[in-house]
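**Student:** Listed below, chain by chain, are the residues.
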Amino acid sequence: MRDALIASGSELVTVALKRVDVDDKEEDILSYLRHDQFALLPNTSGVRNASEAVFAAQLAREAMQTNWLKLEIHPDPKYLLPDPIETLKAAEELVKLGFIVLPYIHADPVLCKRLEEVGVAAVMPLGAPIGTNKGLRTKDFLEIIIEQSKVPVVIDAGIGAPSHAAAAMELGADAVLVNTAIAVAGNPVAMAQAFKQAVEAGRMAYVAGLGAESNTAEASSPLTAFLTEL
Amino acid sequence: MFKELFDAQDWEVVKESIYAKTSVDVEIALHKSKRSLEDFKALISPAASAFLEPMAQMSRKLTQKRFGKTIQLYAPLYLSNECQNICTYCGFSYDNKIKRRTLTPTEIMQEAMYLKEQGFKHILLVTGEANKTVDVDYINDAIALLKPHFAQVSMEVQPMEQAEYEILIAAGLHAVLVYQETYHKADYKIHHTKGKKSNFDYRLETPDRLGKAGIHKIGLGVLIGLEDWRTDSFFTAMHVQYLEKTYWQTKYSISFPRLRPAVGLIEPKVLMSDRELAQLICAWRIFNEEVELSMSTREREKFRDNIIHLGVTSMSAGSKTNPGGYVTDVESLEQFEIDDDRSPAQIVQMVNHQGYKAVWKDWEAFI
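Going down the list, the sequences are from chains A and B. Residue 227 is where the first sequence ends in this note's numbering, and the numbering goes up by one at each step. Residue 347 is where the second sequence ends in this note's numbering, and the numbering goes up by one at each step.
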């Protein structure tokens, strides 16, 4: 896992607070994760509402000595879909408590603006249901979010292949969050590296400026060419 | 309530339809991205036996995608073997003339501290059904004692009322296991002749009461050996599907207890082979990618070691099935014999050896 994290070039690694055992030094997952290359981002996975999330956040701050927090509230344990209402409520409270909040949410442009208004540090809309590897199924909404957002946009769930990550970066996303695709790969380290290159390529393409898509080939003799010949 | 849905079913019709499934039905089920209850029937049918290897490959892939290469560890803590029920298969049956005991708070702590030292963060409280001594107050007190020491306290005790569950959930109860034993109503009566447990419908509606009470997780299952396991498993799947739709904030787990020998009790009516158990586990995973699948120490070492790769996500380790069995009264009567008697440390070593990580903690005490 550690080798894959390093190979990915990631600067931020999220870890579920519910799995962190602060009393047991030997079994402590954090010992595998501490590294100069990346900061740790505790997440609230497992909570079902805003008040549990705020409690978990405070525990995380104490256990991991960081104000950074990935806010995840999924009352639905089957598809782990985020609860927009509880997330907004929790985000508002956590920002007031001094947290740097990165909420995991649906690709809902209005919700993103509302979260921005309460002071979150970034938004993390999903590309597809978590763990599905289905890619950017919410693409049309992600484009709107990226266009409108004043805070960084991190595409969080559903990214199942380096090409999906590249596509997200080409859209103008600021980062992607990947787990399943790398974790279940036959060679996670090589896959992590592939994602690193895809993210870099996608970002480079976005910065360079992509051409507009078209359904037809551009005619080499446009209908209006005659005008210049008159 | 599930009862309405269940009462519209006919056991024999369901059974026939499972046995009528063909290899074509199995192939269709395997090629879908979402499987229906009809597909589940195909996957547990005799016809699917020939597809066990591809089913195992698929089950492994789906399990790793959702759960990673992890196995959650837990231990049962038997609080009491007092019981007013007469059940033909259980060592705690009322008519079984054995010495009964219920742990005192001091004994509970002694047993619990032993388990804590072994590394357990998840414990499962187990009792018989003795409503005068082992009632809601007794269990509430036990949870209050144990909660500061464990991330997750679950229980497998007599069915209760919704309001009683609400009390225990507020005290920190995480999950409740309540197995229907069999969905064959007539056979259920034969195996549960006396006591509150003889009420089939009250037990059948227990998960509904738990769902309404807002429990985090419900464990379901049937006692394999009482009746045709395929038909019983179908009804379990139907039950879970109903519960997932109705109580969508609750998690579900499935266990596969095979009837084990116990003092003075019946022989299984139906024998399930290891191969069939593997098929059932794979069928569950392919049918439901999110459900937790649990494997107890009832099963043999070699089976447990290998089933890790096929879809199981949680395991007990070093279990004792008698109250006081860990420290305070190691000789008291056990509920059933266990087969895998390796220590928790040996199980962790085995899990690691299989390329998986043993997970002790997966919950916060406060949530």
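Don't take every hint at face value.
[Unchecked claim] If we take Cβ atoms under 7 Å as the criterion, some of the chain B residues that face chain A in the derived model are:
1. A27
2. R46
3. E144
4. K165
5. K225
6. W228
7. K231
8. S233
9. D342
10. W343
[To be verified] Below, simulated DMTMM-like cross-link-like pairs (lysine to aspartate or glutamate); rule was C-alpha separation at most 25 Å, straight line:
11. A:K131 <-> B:E185
12. B:K14 <-> A:D73
13. A:K131 <-> B:E272
14. A:K75 <-> B:E18
15. B:K231 <-> A:E49
16. A:K15 <-> B:E97
17. B:K165 <-> B:E109
18. A:K131 <-> B:E136
19. A:K75 <-> B:E272
20. A:K75 <-> B:E109
21. B:K127 <-> A:E49
22. B:K45 <-> A:E59
23. B:K49 <-> B:E269
24. A:K15 <-> B:E281
25. B:K127 <-> A:D18
26. B:K41 <-> A:E59
27. B:K12 <-> A:D73
28. B:K96 <-> A:E59
29. A:K75 <-> B:E136
30. B:K41 <-> B:E7
31. B:K192 <-> A:E49
32. B:K231 <-> A:E8
33. A:K15 <-> B:D342
34. A:K75 <-> B:E317
35. B:K231 <-> A:E83
36. B:K197 <-> A:D73
37. B:K231 <-> A:D73
38. A:K75 <-> B:E97
39. B:K337 <-> A:E83
40. B:K49 <-> A:D73
If you are wondering where the hints come from, they were derived from the structure by calculation, not from laboratory data. Every residue gets a Cβ at the ideal spot worked out from N, C-alpha and C, and that includes glycine.
**Student:** Now tell me, hint by hint, if it's right for this structure.
**Tutor:** Results of checking the hints against the structure:
| no. | hint | verdict |
| --- | --- | --- |
| 1 | A27 | 28 Å, violated |
| 2 | R46 | 6 Å, holds |
| 3 | E144 | 22 Å, violated |
| 4 | K165 | 29 Å, violated |
| 5 | K225 | 10 Å, violated |
| 6 | W228 | 6 Å, holds |
| 7 | K231 | 4 Å, holds |
| 8 | S233 | 11 Å, violated |
| 9 | D342 | 6 Å, holds |
| 10 | W343 | 6 Å, holds |
| 11 | A:K131 <-> B:E185 | 38 Å, violated |
| 12 | B:K14 <-> A:D73 | 18 Å, holds |
| 13 | A:K131 <-> B:E272 | 23 Å, holds |
| 14 | A:K75 <-> B:E18 | 21 Å, holds |
| 15 | B:K231 <-> A:E49 | 17 Å, holds |
| 16 | A:K15 <-> B:E97 | 20 Å, holds |
| 17 | B:K165 <-> B:E109 | 20 Å, holds |
| 18 | A:K131 <-> B:E136 | 39 Å, violated |
| 19 | A:K75 <-> B:E272 | 11 Å, holds |
| 20 | A:K75 <-> B:E109 | 32 Å, violated |
| 21 | B:K127 <-> A:E49 | 17 Å, holds |
| 22 | B:K45 <-> A:E59 | 31 Å, violated |
| 23 | B:K49 <-> B:E269 | 15 Å, holds |
| 24 | A:K15 <-> B:E281 | 30 Å, violated |
| 25 | B:K127 <-> A:D18 | 16 Å, holds |
| 26 | B:K41 <-> A:E59 | 36 Å, violated |
| 27 | B:K12 <-> A:D73 | 23 Å, holds |
| 28 | B:K96 <-> A:E59 | 24 Å, holds |
| 29 | A:K75 <-> B:E136 | 23 Å, holds |
| 30 | B:K41 <-> B:E7 | 18 Å, holds |
| 31 | B:K192 <-> A:E49 | 20 Å, holds |
| 32 | B:K231 <-> A:E8 | 33 Å, violated |
| 33 | A:K15 <-> B:D342 | 5 Å, holds |
| 34 | A:K75 <-> B:E317 | 34 Å, violated |
| 35 | B:K231 <-> A:E83 | 19 Å, holds |
| 36 | B:K197 <-> A:D73 | 12 Å, holds |
| 37 | B:K231 <-> A:D73 | 8 Å, holds |
| 38 | A:K75 <-> B:E97 | 33 Å, violated |
| 39 | B:K337 <-> A:E83 | 33 Å, violated |
| 40 | B:K49 <-> A:D73 | 23 Å, holds |
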